[in-house]
Amino acid sequence: MAVELVIFDCDGTLVDSEPISVRVGTAALRRLGWTIDEAEYAERFVGCTNDYWLEQIGRTPPGWREQLNADYVAAVKAELRTIEGIEEALERLTIPCCVASNGRHATIRRSLELTGLADRFDGAVFSVEDVTRGKPAPDLFLHAAAVMGAEPERCVVVEDSPFGVTAAVSAGMRCLAFAGGVTPVSRLEGLGATLFHDPAELPDLIAALD
16 MAVELVIFDC DGTLVDSEPI SVRVGTAALR RLGWTIDEAE YAERFVGCTN DYWLEQIGRT
76 PPGWREQLNA DYVAAVKAEL RTIEGIEEAL ERLTIPCCVA SNGRHATIRR SLELTGLADR
136 FDGAVFSVED VTRGKPAPDL FLHAAAVMGA EPERCVVVED SPFGVTAAVS AGMRCLAFAG
196 GVTPVSRLEG LGATLFHDPA ELPDLIAALD
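According to my numbering, the sequence shown is numbered sequentially starting from 16.
These are calculated hints, taken from the structure and not from any lab test. Note that this is a predicted model, so its numbers are computed, not measured. Incorrect hints may appear among the rest.
Unchecked claim - Per label pair, the in silico range of CB-to-CB distance: (1) Glu99 x Gly205: 25 to 33 Å; (2) Pro76 x Leu220: 41 to 49 Å; (3) Arg148 x Arg169: 16 to 24 Å; (4) Ser201 x Tyr67: 14 to 22 Å; (5) Ser201 x Gly48: 25 to 33 Å; (6) Pro76 x Glu106: 41 to 49 Å; (7) Glu70 x Gly100: 29 to 37 Å; (8) Leu210 x Ala54: 15 to 23 Å; (9) Leu220 x Ala161: 21 to 29 Å; (10) Glu128 x Glu99: 18 to 26 Å.
To be verified - Within a straight-line C-alpha distance of at most 20 Å, the following computed SDA-like cross-link-like pairs (lysine to any residue) qualify: (11) Lys92 x Gln82; (12) Lys92 x Leu132; (13) Lys92 x His120; (14) Lys92 x Ala42; (15) Lys92 x Asp134; (16) Lys92 x Thr130; (17) Lys92 x Leu129.
Quick reminder that beta carbons are idealized off the backbone N, C-alpha and C, glycines included.
Full structure from sequences and hints, please.
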(Lines of atoms letter the chains of each structure in order from A; the text may use other names.)
(Lines give C-alpha, C1' and ligand atoms only; values in the text may rest on other atoms or scores of the structure.)
Protein backbone atom coordinates (compact mmCIF):
# COMPACT_ATOMS: atom_id res chain seq x y z
CA MET A 16 0.00 0.00 0.00
CA ALA A 17 1.46 3.35 -1.06
CA VAL A 18 2.89 5.53 1.69
CA GLU A 19 1.21 8.95 1.83
CA LEU A 20 2.65 10.36 5.06
CA VAL A 21 5.82 9.92 7.09
CA ILE A 22 5.41 10.74 10.78
CA PHE A 23 8.64 11.45 12.64
CA ASP A 24 9.15 11.40 16.34
CA CYS A 25 11.39 14.32 17.32
CA ASP A 26 13.76 13.42 20.16
CA GLY A 27 16.23 10.73 19.18
CA THR A 28 14.84 10.51 15.65
CA LEU A 29 15.27 13.99 14.17
CA VAL A 30 17.39 15.64 16.87
CA ASP A 31 20.07 14.02 19.01
CA SER A 32 18.56 15.12 22.30
CA GLU A 33 18.22 11.77 24.05
CA PRO A 34 21.85 11.55 25.27
CA ILE A 35 21.40 15.01 26.79
CA SER A 36 18.08 14.07 28.36
CA VAL A 37 19.49 10.83 29.76
CA ARG A 38 22.58 12.51 31.21
CA VAL A 39 20.70 15.41 32.79
CA GLY A 40 17.81 13.24 33.99
CA THR A 41 20.09 10.65 35.56
CA ALA A 42 21.99 13.34 37.44
CA ALA A 43 18.73 14.86 38.67
CA LEU A 44 17.44 11.52 39.98
CA ARG A 45 20.73 10.88 41.72
CA ARG A 46 20.27 14.19 43.54
CA LEU A 47 17.03 12.69 44.84
CA GLY A 48 18.89 9.68 46.14
CA TRP A 49 18.16 7.26 43.31
CA THR A 50 20.81 4.65 42.54
CA ILE A 51 20.41 4.69 38.76
CA ASP A 52 22.84 4.83 35.86
CA GLU A 53 22.33 6.20 32.37
CA ALA A 54 21.68 2.77 30.83
CA GLU A 55 18.84 2.06 33.25
CA TYR A 56 17.46 5.56 32.82
CA ALA A 57 17.40 5.16 29.03
CA GLU A 58 15.67 1.80 29.26
CA ARG A 59 12.99 3.07 31.64
CA PHE A 60 12.26 6.57 30.44
CA VAL A 61 13.35 7.37 26.88
CA GLY A 62 10.27 8.28 24.85
CA CYS A 63 7.83 8.50 27.75
CA THR A 64 5.54 11.43 28.47
CA ASN A 65 6.49 14.05 31.04
CA ASP A 66 3.44 13.08 33.12
CA TYR A 67 4.55 9.44 33.20
CA TRP A 68 8.06 10.47 34.20
CA LEU A 69 6.83 12.65 37.05
CA GLU A 70 4.43 9.93 38.19
CA GLN A 71 7.32 7.48 38.47
CA ILE A 72 9.44 9.95 40.41
CA GLY A 73 6.85 11.09 42.92
CA ARG A 74 7.25 14.10 45.17
CA THR A 75 10.30 16.30 44.72
CA PRO A 76 11.80 19.05 46.91
CA PRO A 77 11.24 22.75 46.16
CA GLY A 78 13.35 24.02 43.29
CA TRP A 79 14.29 20.56 42.02
CA ARG A 80 12.23 20.71 38.83
CA GLU A 81 13.36 24.26 38.10
CA GLN A 82 17.01 23.21 38.39
CA LEU A 83 16.41 20.21 36.17
CA ASN A 84 14.75 22.35 33.50
CA ALA A 85 17.53 24.93 33.65
CA ASP A 86 20.22 22.25 33.30
CA TYR A 87 18.43 20.64 30.35
CA VAL A 88 17.80 23.90 28.48
CA ALA A 89 21.42 25.00 28.92
CA ALA A 90 22.73 21.66 27.65
CA VAL A 91 20.37 21.64 24.67
CA LYS A 92 21.34 25.15 23.62
CA ALA A 93 25.02 24.26 23.81
CA GLU A 94 25.00 20.74 22.38
CA LEU A 95 21.89 19.88 20.35
CA ARG A 96 22.49 18.60 16.82
CA THR A 97 20.48 16.68 14.24
CA ILE A 98 20.73 12.90 14.12
CA GLU A 99 23.52 12.07 11.69
CA GLY A 100 22.07 11.27 8.27
CA ILE A 101 18.56 12.60 8.91
CA GLU A 102 19.01 15.82 6.94
CA GLU A 103 20.11 13.85 3.90
CA ALA A 104 17.05 11.65 4.29
CA LEU A 105 14.70 14.64 4.55
CA GLU A 106 16.22 16.16 1.42
CA ARG A 107 15.44 13.01 -0.55
CA LEU A 108 11.94 12.39 0.75
CA THR A 109 9.17 13.60 -1.56
CA ILE A 110 6.31 12.27 0.58
CA PRO A 111 4.60 14.71 3.01
CA CYS A 112 6.16 14.57 6.48
CA CYS A 113 5.17 15.72 9.94
CA VAL A 114 6.37 15.51 13.55
CA ALA A 115 4.43 13.83 16.37
CA SER A 116 6.19 13.96 19.72
CA ASN A 117 5.44 13.24 23.36
CA GLY A 118 7.10 16.58 24.08
CA ARG A 119 5.35 19.90 24.54
CA HIS A 120 4.98 22.31 21.62
CA ALA A 121 7.47 24.80 23.08
CA THR A 122 10.08 22.08 23.54
CA ILE A 123 9.59 20.65 20.06
CA ARG A 124 9.75 24.11 18.50
CA ARG A 125 12.98 24.95 20.35
CA SER A 126 14.61 21.70 19.21
CA LEU A 127 13.62 22.18 15.58
CA GLU A 128 14.70 25.81 15.56
CA LEU A 129 18.07 25.11 17.17
CA THR A 130 18.84 22.44 14.59
CA GLY A 131 17.52 24.30 11.55
CA LEU A 132 14.66 21.88 10.92
CA ALA A 133 11.75 24.15 11.83
CA ASP A 134 10.97 25.30 8.28
CA ARG A 135 10.78 21.72 7.04
CA PHE A 136 7.86 21.00 9.37
CA ASP A 137 6.11 24.36 9.42
CA GLY A 138 2.44 23.77 10.26
CA ALA A 139 2.98 20.02 10.61
CA VAL A 140 4.03 19.56 14.24
CA PHE A 141 1.89 17.63 16.72
CA SER A 142 2.43 17.40 20.46
CA VAL A 143 1.19 15.35 23.39
CA GLU A 144 -0.61 18.57 24.33
CA ASP A 145 -2.94 18.01 21.36
CA VAL A 146 -4.41 14.73 22.64
CA THR A 147 -5.74 13.17 25.82
CA ARG A 148 -3.23 10.32 25.89
CA GLY A 149 0.36 10.35 24.73
CA LYS A 150 2.43 7.43 23.50
CA PRO A 151 2.26 4.45 23.98
CA ALA A 152 -1.43 5.13 23.23
CA PRO A 153 -2.09 5.57 19.49
CA ASP A 154 -3.96 8.86 19.88
CA LEU A 155 -1.16 11.22 18.85
CA PHE A 156 -0.32 9.39 15.63
CA LEU A 157 -3.98 9.02 14.70
CA HIS A 158 -4.52 12.73 15.34
CA ALA A 159 -1.52 13.67 13.19
CA ALA A 160 -2.71 11.45 10.34
CA ALA A 161 -6.24 12.85 10.48
CA VAL A 162 -5.05 16.46 10.36
CA MET A 163 -2.63 15.68 7.54
CA GLY A 164 -5.36 13.86 5.60
CA ALA A 165 -3.81 10.40 5.50
CA GLU A 166 -5.30 7.02 6.38
CA PRO A 167 -3.39 5.18 9.14
CA GLU A 168 -2.53 2.24 6.91
CA ARG A 169 -0.87 4.65 4.47
CA CYS A 170 1.36 6.18 7.15
CA VAL A 171 4.88 5.23 8.17
CA VAL A 172 6.13 6.21 11.61
CA VAL A 173 9.83 6.75 12.31
CA GLU A 174 10.55 6.16 15.99
CA ASP A 175 13.36 5.36 18.42
CA SER A 176 11.58 4.25 21.60
CA PRO A 177 9.37 1.33 22.64
CA PHE A 178 6.69 3.83 23.70
CA GLY A 179 6.58 5.23 20.18
CA VAL A 180 6.77 1.90 18.38
CA THR A 181 3.91 0.56 20.49
CA ALA A 182 1.84 3.64 19.67
CA ALA A 183 2.49 3.31 15.94
CA VAL A 184 1.59 -0.38 15.82
CA SER A 185 -1.54 0.27 17.90
CA ALA A 186 -2.52 2.98 15.41
CA GLY A 187 -2.34 0.47 12.55
CA MET A 188 0.69 2.17 11.01
CA ARG A 189 3.90 0.71 9.70
CA CYS A 190 6.91 1.62 11.81
CA LEU A 191 10.64 2.01 11.21
CA ALA A 192 12.61 2.08 14.46
CA PHE A 193 16.03 3.73 14.70
CA ALA A 194 18.27 1.27 16.52
CA GLY A 195 21.34 3.49 16.62
CA GLY A 196 20.35 5.67 19.55
CA VAL A 197 20.34 5.30 23.32
CA THR A 198 17.44 2.83 23.51
CA PRO A 199 18.75 -0.74 23.85
CA VAL A 200 18.07 -2.71 20.68
CA SER A 201 16.50 -5.44 22.81
CA ARG A 202 13.77 -2.97 23.83
CA LEU A 203 12.87 -2.33 20.18
CA GLU A 204 12.87 -5.92 18.96
CA GLY A 205 9.68 -7.92 18.80
CA LEU A 206 7.34 -4.92 18.89
CA GLY A 207 6.35 -4.99 15.23
CA ALA A 208 8.75 -2.41 13.80
CA THR A 209 11.47 -2.75 11.19
CA LEU A 210 14.78 -1.74 12.76
CA PHE A 211 17.37 0.39 10.94
CA HIS A 212 20.72 1.93 11.87
CA ASP A 213 21.43 4.55 9.19
CA PRO A 214 18.89 7.38 8.90
CA ALA A 215 20.24 8.27 5.46
CA GLU A 216 18.69 5.01 4.21
CA LEU A 217 15.16 6.01 5.25
CA PRO A 218 13.96 7.08 1.77
CA ASP A 219 14.92 3.68 0.37
CA LEU A 220 13.35 1.83 3.30
CA ILE A 221 10.12 3.79 2.91
CA ALA A 222 10.05 3.29 -0.87
CA ALA A 223 10.40 -0.46 -0.31
CA LEU A 224 7.17 -0.42 1.74
CA ASP A 225 5.05 0.75 -1.22
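Taking the hints in turn, this is what the structure says about them:
1. Glu99 x Gly205: 25 to 33 Å: Given a distance of about 26 Å, which is inside 25 to 33 Å, the answer is holds.
2. Pro76 x Leu220: 41 to 49 Å: Check passed, 46 Å falls within 41 to 49 Å.
3. Arg148 x Arg169: 16 to 24 Å: holds (23 Å)
4. Ser201 x Tyr67: 14 to 22 Å: holds (21 Å)
5. Ser201 x Gly48: 25 to 33 Å: Distance hint for Ser201, Gly48 holds at roughly 28 Å.
6. Pro76 x Glu106: 41 to 49 Å: With Cβ atoms ~47 Å apart, the hint holds.
7. Glu70 x Gly100: 29 to 37 Å: holds (34 Å)
8. Leu210 x Ala54: 15 to 23 Å: holds (19 Å)
9. Leu220 x Ala161: 21 to 29 Å: Once the Cβ atoms are compared, 25 Å apart, the range 21 to 29 Å for Ala161 and Leu220 holds.
10. Glu128 x Glu99: 18 to 26 Å: Once the Cβ atoms are compared, 19 Å apart, the range 18 to 26 Å for Glu99 and Glu128 holds.
11. Lys92 x Gln82: holds (16 Å)
12. Lys92 x Leu132: The given pair, whose Cα atoms are some 15 Å apart, holds under the 20 Å limit.
13. Lys92 x His120: Holds, at roughly 17 Å.
14. Lys92 x Ala42: holds (18 Å)
15. Lys92 x Asp134: With a Cα-Cα distance of about 19 Å, the restraint between Lys92 and Asp134 holds, given a limit of 20 Å.
16. Lys92 x Thr130: Satisfied, since the Cα-Cα distance of roughly 10 Å is no more than 20 Å.
17. Lys92 x Leu129: Given pair Lys92, Leu129 holds - Cα atoms ~7 Å apart, limit 20 Å.
Of the hints listed earlier, there is not a single one the structure fails to meet.
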